[in-house]
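Q: So the protein sequences, as listed, match chains A and L.
According to our numbering, the residues represented by the first sequence are 1 to 195, in order.
According to our numbering, the residues represented by the second sequence are 1 to 295, in order.
For the record, the hints were derived by calculation from the structure and aren't laboratory data.
Be aware that one or more of the hints could be misleading.
Calculated pairs, SDA-like style, for lysine to any residue (alpha carbon to alpha carbon, straight line, at most 25 angstroms) [to be verified]: (1) Lys3/L x Tyr59/A; (2) Lys3/L x Gln35/A; (3) Lys263/L x Val28/A; (4) Lys205/L x Lys87/A; (5) Lys66/A x Lys3/L; (6) Lys247/L x Lys66/A; (7) Lys66/A x Gly145/A; (8) Lys87/A x Val75/L; (9) Lys58/A x Lys263/L; (10) Lys201/L x Ala220/L; (11) Lys18/A x Glu246/L; (12) Lys31/A x Leu228/L; (13) Lys33/L x Asp128/A; (14) Lys33/L x Tyr59/A; (15) Lys58/A x Lys201/L; (16) Lys247/L x Lys18/A; (17) Lys18/A x Gln35/A; (18) Lys3/L x Gly145/A; (19) Lys33/L x Lys18/A; (20) Lys58/A x Ile34/L; (21) Lys33/L x Val28/A; (22) Lys31/A x Lys3/L; (23) Lys32/A x Lys201/L.
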Amino acid sequence: MINIGVLALQGAVREHVKALQAPDVNVVVVKKSEQLDQIDGLVFPGGESTTMRRLINKYGFYEPLKHFAEKGKPVFGTCAGAILMAKELVGHKEPHIAVMDITVERNAFGRQRESFETLLKVKGIGEDVEGIFIRAPIIRQAGEGVDVLAEYDGEIVAARQGPFLACSYHPELTDDFRMHQYFVKMVRESMEVPA
Amino acid sequence: MEKRTGTDLVKRGMAEMQKGGVIMDVVNAEQAKIAEEAGAVAVMALERVPSDIRAAGGVARMADPTIVEDVQNAVSIPVMAKARIGHIVEARLLEAMGVDYIDESEVLTPADEVYHLNKRDFTVPFVCGARDLGEAARRIGEGASMIRTKGEPGTGNIVEAVRHMRMMQSQIKKVIGMSEDELMTEAKNIGAPFNILLEIKETGKFPVVNFAAGGVATPADAALMMQLGADGVFVGSGIFKSDNPEKFARAIVEATTHYEDYKLIAELSKDLGTAMKGIEISTLEKKDRMQDRGW
Numbered sequence: 001m002i003n004i005g006v007l008a009l010q011g012a013v014r015e016h017v018k019a020l021q022a023p024d025v026n027v028v029v030v031k032k033s034e035q036l037d038q039i040d041g042l043v044f045p046g047g048e049s050t051t052m053r054r055l056i057n058k059y060g061f062y063e064p065l066k067h068f069a070e071k072g073k074p075v076f077g078t079c080a081g082a083i084l085m086a087k088e089l090v091g092h093k094e095p096h097i098a099v100m101d102i103t104v105e106r107n108a109f110g111r112q113r114e115s116f117e118t119l120l121k122v123k124g125i126g127e128d129v130e131g132i133f134i135r136a137p138i139i140r141q142a143g144e145g146v147d148v149l150a151e152y153d154g155e156i157v158a159a160r161q162g163p164f165l166a167c168s169y170h171p172e173l174t175d176d177f178r179m180h181q182y183f184v185k186m187v188r189e190s191m192e193v194p195a
Numbered sequence: 001m002e003k004r005t006g007t008d009l010v011k012r013g014m015a016e017m018q019k020g021g022v023i024m025d026v027v028n029a030e031q032a033k034i035a036e037e038a039g040a041v042a043v044m045a046l047e048r049v050p051s052d053i054r055a056a057g058g059v060a061r062m063a064d065p066t067i068v069e070d071v072q073n074a075v076s077i078p079v080m081a082k083a084r085i086g087h088i089v090e091a092r093l094l095e096a097m098g099v100d101y102i103d104e105s106e107v108l109t110p111a112d113e114v115y116h117l118n119k120r121d122f123t124v125p126f127v128c129g130a131r132d133l134g135e136a137a138r139r140i141g142e143g144a145s146m147i148r149t150k151g152e153p154g155t156g157n158i159v160e161a162v163r164h165m166r167m168m169q170s171q172i173k174k175v176i177g178m179s180e181d182e183l184m185t186e187a188k189n190i191g192a193p194f195n196i197l198l199e200i201k202e203t204g205k206f207p208v209v210n211f212a213a214g215g216v217a218t219p220a221d222a223a224l225m226m227q228l229g230a231d232g233v234f235v236g237s238g239i240f241k242s243d244n245p246e247k248f249a250r251a252i253v254e255a256t257t258h259y260e261d262y263k264l265i266a267e268l269s270k271d272l273g274t275a276m277k278g279i280e281i282s283t284l285e286k287k288d289r290m291q292d293r294g295w
């Protein structure tokens, strides 16, 4: 059995819990930092990154989250989640949890009226992945060792760096769970590393 | 690949991202910054908070576009704004200004007493108030992407929001438990579009995000609404009409996240200063009840 957590401070938590369901997966709704000790992988859901960050600080999640990632445990961030993971944020001095060598720009497509859906070609996942972009960020730069998984209109919208997976769009809002299955596989593989 | 804007998924999805959060009424850039700093997931830009609208009387309209723009420039979280019920042009103006969500709101004086907006026509998503499932389903039928209770705005009294949330939740459960051949009669009885009830029955859930609004004044009020099944909370007058807006705003955000952690909410509620002054609903005259605006 593998235990995968969804950070439940704010945002679309329920959808990720549903998308992660698998016979050998136990999904944990993470509201307290102690719960990080019980899980093998973690999802940062979509929501408002400023709100999540404030609650991360307030409830002592900051160090435990950094530690969790430093141990090489897999993390998957969608939209606001990708913002939390980036080491650089366009227009901001300080990043958030800063675990992935990507530069992310918030609300990069514009306001809500510019939000859209489209089909994406995602490396290792499929050529017809539904991409729901809501006030979405763009990955402006990907550092060395970052594998670009998907682009839209010449901009990076999904990437992986070792145990870290980030995307600008919201696979959790669709019934297409391939991105989540891909992440579950990442978690499973991370646990197979011989001691 | 083809790019589609303003689809149901995109409009409803935007509200999904607000779940577990607090949306705060603000009347200027400074308040908007306080709200963002406190952890609000969005702000509602308006000219006056509901309790001041109540006190001022007269006709309440869409906010001056300058206020909306100031707020948009001040924060990076989504900005919502209110249009009068049925006021097509106010809604179009807000859409043109790039507001992220429009509240077709009973807090403002209705522009049309018969027809609500055809919200399907717009790219921008809408939130609408409702007192029961029939009203919520009618608004969804017109294209609303998010629902909130009406409550009784600007009173600081939670009783009406509780009534509306309990009513909706019990009606939703009833519909889910019904057999399909009972649905048309239920649709007729509560004045709901049949297809919305069918969707609720088939999926086992309400099709859009459902927030609490109208009377939330304390952290405990916010947590109460979450326990009754709200996906999140709107706070109108409750924050900036309290003694200490920063503290109140932060406490309400935290109580909404940890709505079942009573020790924490007790801690948060200490030394908050005075909450907004409330109004007992039975002392309101019928003409002053905002929730009876719209149908």
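Q: Would you mind marking each hint as holding or not holding in the structure?
A: To see whether the hints hold, each was checked on the structure:
1. Of the supplied pair hints, the one linking Lys3/L and Tyr59/A is violated, its CA atoms being roughly 39 angstroms apart against a limit of 25 angstroms.
2. In summary, the hint linking Lys3/L to Gln35/A is not supported, as the alpha carbons are separated by about 40 angstroms, beyond the 25 angstroms threshold.
3. Restraint check for Lys263/L and Val28/A: the C-alpha separation of about 22 angstroms stays at or below 25 angstroms, so the hint holds.
4. This hinted pair does not check out: Lys205/L and Lys87/A have alpha carbons roughly 38 angstroms apart, beyond 25 angstroms.
5. Simply put, Lys66/A and Lys3/L have alpha-carbon atoms about 36 angstroms apart, too far for the 25 angstroms limit, and the pair is violated.
6. For a cut-off of 25 angstroms, the pair hint linking Lys247/L to Lys66/A is broken: about 28 angstroms separates their Cα positions.
7. Note on Lys66/A and Gly145/A: the hinted pairing holds, with a Cα-Cα distance of about 19 angstroms set against a maximum of 25 angstroms.
8. At most 25 angstroms may separate the alpha-carbon atoms for a hinted pair to count; Lys87/A and Val75/L meet this at roughly 22 angstroms.
9. Under the criterion of a C-alpha separation no larger than 25 angstroms, the hint pairing Lys58/A with Lys263/L is consistent with the structure, at around 16 angstroms.
10. Using a Cα cut-off of 25 angstroms, the hinted pair Lys201/L and Ala220/L is violated, with the two alpha carbons roughly 32 angstroms apart.
11. For the suggested pair Lys18/A and Glu246/L, the alpha carbons sit about 36 angstroms apart, so the restraint of at most 25 angstroms is broken.
12. Of the pairs offered as hints, the one joining Lys31/A and Leu228/L holds, with about 19 angstroms between alpha carbons and a cut-off of 25 angstroms not exceeded.
13. A threshold of 25 angstroms between alpha carbons decides the hint, and for Lys33/L with Asp128/A the separation of about 40 angstroms lies outside it, so the pair is violated.
14. Of the supplied pair hints, the one linking Lys33/L and Tyr59/A holds, its CA atoms being roughly 22 angstroms apart against a limit of 25 angstroms.
15. Distance check on the hinted pair: Lys58/A and Lys201/L sit about 40 angstroms apart at the alpha-carbon level, beyond 25 angstroms; violated.
16. The suggested pairing of Lys247/L with Lys18/A is violated, with an alpha-carbon distance near 35 angstroms, which exceeds 25 angstroms.
17. Between Lys18/A and Gln35/A the CA atoms are separated by roughly 19 angstroms; this keeps the pair inside 25 angstroms, and the hint holds.
18. Straight-line distance between C-alpha atoms of Lys3/L and Gly145/A comes to about 30 angstroms, which puts the hinted pair past the 25 angstroms bound.
19. With a C-alpha separation of about 34 angstroms, the suggested pairing of Lys33/L with Lys18/A is violated against the 25 angstroms cut-off.
20. With a C-alpha separation of about 16 angstroms, the suggested pair Lys58/A and Ile34/L falls inside the 25 angstroms cut-off, and the hint holds.
21. Restraint check: the Cα-Cα separation between Lys33/L and Val28/A comes to about 33 angstroms, which exceeds 25 angstroms; the hinted pair is violated.
22. Distance hint between Lys31/A and Lys3/L is unfulfilled; the C-alpha atoms sit about 36 angstroms from each other, more than 25 angstroms.
23. For the proposed pair Lys32/A and Lys201/L, the alpha carbon gap of about 34 angstroms is over 25 angstroms, so the pair is violated.
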